[in-house]
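Visitor: Sequence:
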Amino acid sequence: MKKEMEKNYNPGIESGIYARWLEKGYFHAEVDESRTPYVIMMPPANITGQLHVGHSFTFTIQDALIRFKRMQGFNAMWLPGTDHASISTEVKIVDALAKEGLTKADLGREKFLERAWQWKDEFGGTIVRQLKLMGVSCDWDRERFTMDEGLSNAVLETFLHLYKKGLVYRGEKLINWCPKCQTTISDAEVEHEEKDGMLYYFKYPVQGGGFIEFATTRPETMLGDTAIALHPTDERLKEFAGKTAHVPPVDRDIPIIADSYVDPKYGTGAVKITPAHDPNDFAVGERHNLERINILNDDGTLNENAGAYAGMDRLEARKKITQEFKDLGLFIKTEPIKHNVGTHDRCHEVMEPMIKLQWFVKMEELAKPALDVYTSGKLRIFPERFGKVYTHWLTGIRDWCISRQLWWGHRIPVYYCDECGTMQAALETPKACPNCSCTSFTQDPDTLDTWFSSALWPFSTLGWPEKTKELEYFYPGDVLVTGYEILFFWVIRMVFSGIELVGEQPFKDIMLNGIVRDSQGRKMSKSLGNGVDPIEVIGNWGADALRLMLVTGNALESDTRFYWERLETSRNFLNKLWNASRFLLMNMDIQPDQPGELTPMDRWILSRLGKVAQDVTDRIDAYDLGMAAQMIYDFVWDEFCDWYIEMVKPRLYNQEDPSRPAALWTLKRVLSDSLRILHPFVPFVTEEIFLSIQDKEETIMLSEWPACGDALSSPKDEALVELLKDAVKGVRNTRLEMAVPPSKKVKIVLVTENPETREFFEGAKKALGILAGAKDVSIQSDKSGIGDDAVSVVIASATVFMPLEEMIDRAKEIERLEKEKKRLLKELDRANTKLSNQGFVAKAPKELLDAEKDKLAKHQEMLAKVESELAGFAK
RNA sequence: GGGAGCUUAGCUCAGUUGGGAGAGCAUCUGCCUUACAAGCAGAGGGUCGCAGGUUCGAGUCCUGUUGUUCCCACCA
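Residue numbers (my numbering): 11 to 885.
In case anyone wonders, no lab produced these hints; they're calculated from the structure.
Please read these numbers as outputs of a predicted model, since none were measured by experiment.
Where a beta carbon is used, it is the ideal one built from N, C-alpha and C, also for glycine.
One thing to keep in mind: the hints can contain errors.
[Unchecked claim] Derived DEER-like restraints, expressed as beta-carbon distance ranges:
#: 1; residue 1: Glu546; residue 2: Thr46; range: 37 to 47 Å
#: 2; residue 1: Leu367; residue 2: Lys330; range: 25 to 35 Å
#: 3; residue 1: Glu159; residue 2: Asp569; range: 32 to 42 Å
#: 4; residue 1: Asp519; residue 2: Lys378; range: 47 to 57 Å
#: 5; residue 1: Glu326; residue 2: Ala632; range: 49 to 59 Å
#: 6; residue 1: Glu857; residue 2: Glu482; range: 21 to 31 Å
#: 7; residue 1: Cys357; residue 2: Gly513; range: 50 to 60 Å
#: 8; residue 1: Ala115; residue 2: Cys357; range: 13 to 23 Å
#: 9; residue 1: Pro265; residue 2: Lys372; range: 26 to 36 Å
#: 10; residue 1: Gln82; residue 2: Trp647; range: 35 to 45 Å
#: 11; residue 1: Ala106; residue 2: Lys329; range: 31 to 41 Å
#: 12; residue 1: Gln82; residue 2: Ser794; range: 31 to 41 Å
#: 13; residue 1: Gln82; residue 2: Ser702; range: 16 to 26 Å
#: 14; residue 1: Glu124; residue 2: Asp569; range: 39 to 49 Å
All chains, please: the whole structure from these sequences, using the hints.
Guide: Laid out in structure tokens, this is it:
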């Protein structure tokens, strides 16, 4: 069979392949008790926005893993889906409404949700289409969305379960409030940004005369002060004992208290206490039973408790109140400082601590087993260093605030009696109030944190809480692959949710990947405009090139940079692979089923292949995909293309050569196995080529992963091939040094006393010729017939002579041989030094010692030959 | 304030239990050798951030330190 392939690789081949895979149902996995499942849950993509190159990165890793395991015979199931991303989506819809001059309130809850569902249909669809261009082999029949009926039900069931156990509760606590998004956010969503700020120094008048000085970064919170604190050892306490300080703007007298929270060395050693707007002050307030005065409205303006400042924005009030204190003579000074300010990670608005009645998940009890599975080794984290981050976060974790003042999401299943306010948690509106028998209820207006539902992803997608056969078979999954930035938000929460609700951790391994940065190492962001659109890249270079670039030669857990040049390198490799295949097809007029009589070269490349298959397998199993891809890349380009294909050419070109079928068989075998090993990384091109070079199997996707470690060659074969390579390299180098033009085909005489080496080179004569650019190669056991003036290349256990006749430059040859002699002397010196080191001889492993001795002997032999050639020349 | 990563060729990065420093890109020199110029054959280029220590032997292990990035954190 002779098929025609285009001269160059063209990523255009990708279109059509994916559709065929889909049509054939290769991605779909069914429950099958006779097979071992391998399961990955795809982190659901947010329905906001588009696929970005970070998605490409993490999904390439997952696809490589799933394709690898599928080829190994596992029942591989990769479940895809999308996330409603409550706050992100809601903010985007609100923005879109604003452009139409509308607000949420104008639409009302129901109409707003209609808009949100329209949004979901549009952007959810876009991201799925884009994912498909990447070549991901996930089971689209099992695609889920976090607000699907089944998943929503799982959310409600979870809430009820935790509610009944007392693990979710409603409480009035200090929470993080985003005045811009006007919702609570969890601790995990607060980002600490270092900002330039001012430390303001003021003083309050003390009852009966005198002042107490203090400092603050938020002067407006003075309006909510209900105490001023000193360290218990502070001398001033004696003076101020039992007295109150006066807060002029609100005309309030506040106690002067002692609390060890105060650092007597910082600032003035006195701290104003605002229990309603600061976590520390809140704690102090609890200890001293202080009043909590909330001074803020939800939008960040001051409320009626702020007296004259009511209605003013908090930042404006800050200026005004400072001025008032100046006028009263109570202002001391300001001092510029850098301090960390909590901001909302979505909108970067400065977050305000406030006291509000919210829903929380009690964490202590849930965190414990999640810690245990890690410390006991049942849950593995790659890279390992994130284990520390994992345990640290779970240790001393505070309760998780889960209620959000948003509309888009799962509404809290709690109903309040309209008469007496009694609350009931239920799947549906209750029939009657257990307290007053009233039948009219109002559901809690809030929705749940988006991560509350994604925490259930590994099992809600499989039908939980129903005991489905899918849940039974596919749960727990094998590995979770995701970016390290959502370890807290998502990964940890999946772990404790899985353990609490299903009774088992949701996956065995966690693999955290880094992020893709721009070529200067900066994060890709809209504001910088340095983002790379993967769809555009795929359009120009193909998904395979993008995937290969992202995965090759990087430790995937560290951040990687995006370079267009590296994309080109990847594309070039694909072209190389393409052409190696074309080469095979051009010569493959027969398709031998049997290997026939293999030569040492064949056995060498086959055994290298087996070794590479083994190494790649090991690397992938250790989640070291970067090295795995690099190894098969190097094998294909260097060993297979640059060496094996070149040395096999004379056998192929000669129809009469008895070793021709073996060469063809080997070529095809090595190529097709290489394609299989490459397939997880570059699925499209490998499928295309695989289908061209054979017609027994209908897809490479389901073909068998290559056998590892085939022991086809002996160390002897490898040594002989190494010798051949040395001879070739030696001749090539010498030709350059002796300025022999490439067009000049030289004559080569290889001399060796070793009969086995002679036999090998007899068989490899033509290969040596083609590789070294020689027209005439002969093998001899001695130097007879070769003049003293032949250029010589000394390799281990042989010498290659090039009788250059008229072209010889004697001085140059002597110089060359002297240089070689010098090099060998240096080698000998090195080996001798090592071997005369008593410590080394006594303690080094035997293999190393033997290797050193062998090297010494080899170099001695080579030196002798070089010296003899030099002597011949000197005559 | 606590923790972690990184620091290796001009650039970007590999380097698995300690045993002669690697790749890609870039630079330079030759080649249109009938799979591939998206290619082939070569070359140059590194006191492995610095200082100690352990060891027969350290890029690799230990201690300290420089620069850099990130994460966590309630100092007004």
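Visitor: If a hint holds in the structure, say so; if it does not, say that too.
Guide: Do the hints match the structure? See the list:
1. At about 40 Å, the beta-carbon gap between Glu546 and Thr46 stays in the expected band of 37 to 47 Å.
2. Between Leu367 and Lys330 the CB atoms are about 30 Å apart, so this pair conforms to the stated range of 25 to 35 Å.
3. Judged by the Cβ atoms, the range 32 to 42 Å given for Glu159 and Asp569 holds: they are separated by roughly 39 Å.
4. At roughly 21 Å, the beta carbons of Asp519 and Lys378 sit outside the given window of 47 to 57 Å.
5. As the Cβ distance of Glu326 to Ala632 is approximately 58 Å, the hint placing it in 49 to 59 Å holds.
6. Between Glu857 and Glu482 the CB atoms are about 50 Å apart, so this pair departs from the stated range of 21 to 31 Å.
7. The hint said 50 to 60 Å for the Cβ distance between Cys357 and Gly513, and at roughly 38 Å that hint is violated.
8. Between Ala115 and Cys357 the CB atoms are about 19 Å apart, so this pair conforms to the stated range of 13 to 23 Å.
9. Between Pro265 and Lys372 the C-beta distance comes to about 33 Å, which sits within the given range of 26 to 36 Å.
10. Roughly 25 Å separates the CB atoms of Gln82 and Trp647, a value that falls outside the hinted 35 to 45 Å.
11. Separated by about 34 Å at the C-beta atoms, Ala106 and Lys329 satisfy the suggested range of 31 to 41 Å.
12. In this structure the hint that Gln82 and Ser794 lie 31 to 41 Å apart at CB is violated, the actual value being about 57 Å.
13. Distance hint for Gln82 and Ser702: a CB-CB separation of about 24 Å, consistent with the stated range 16 to 26 Å.
14. Range check, Glu124 to Asp569: about 41 Å between beta-carbon atoms, so the 39 to 49 Å window is met.
Violated hints, in rising order: 4, 6, 7, 10, 12; the structure is consistent with all others.
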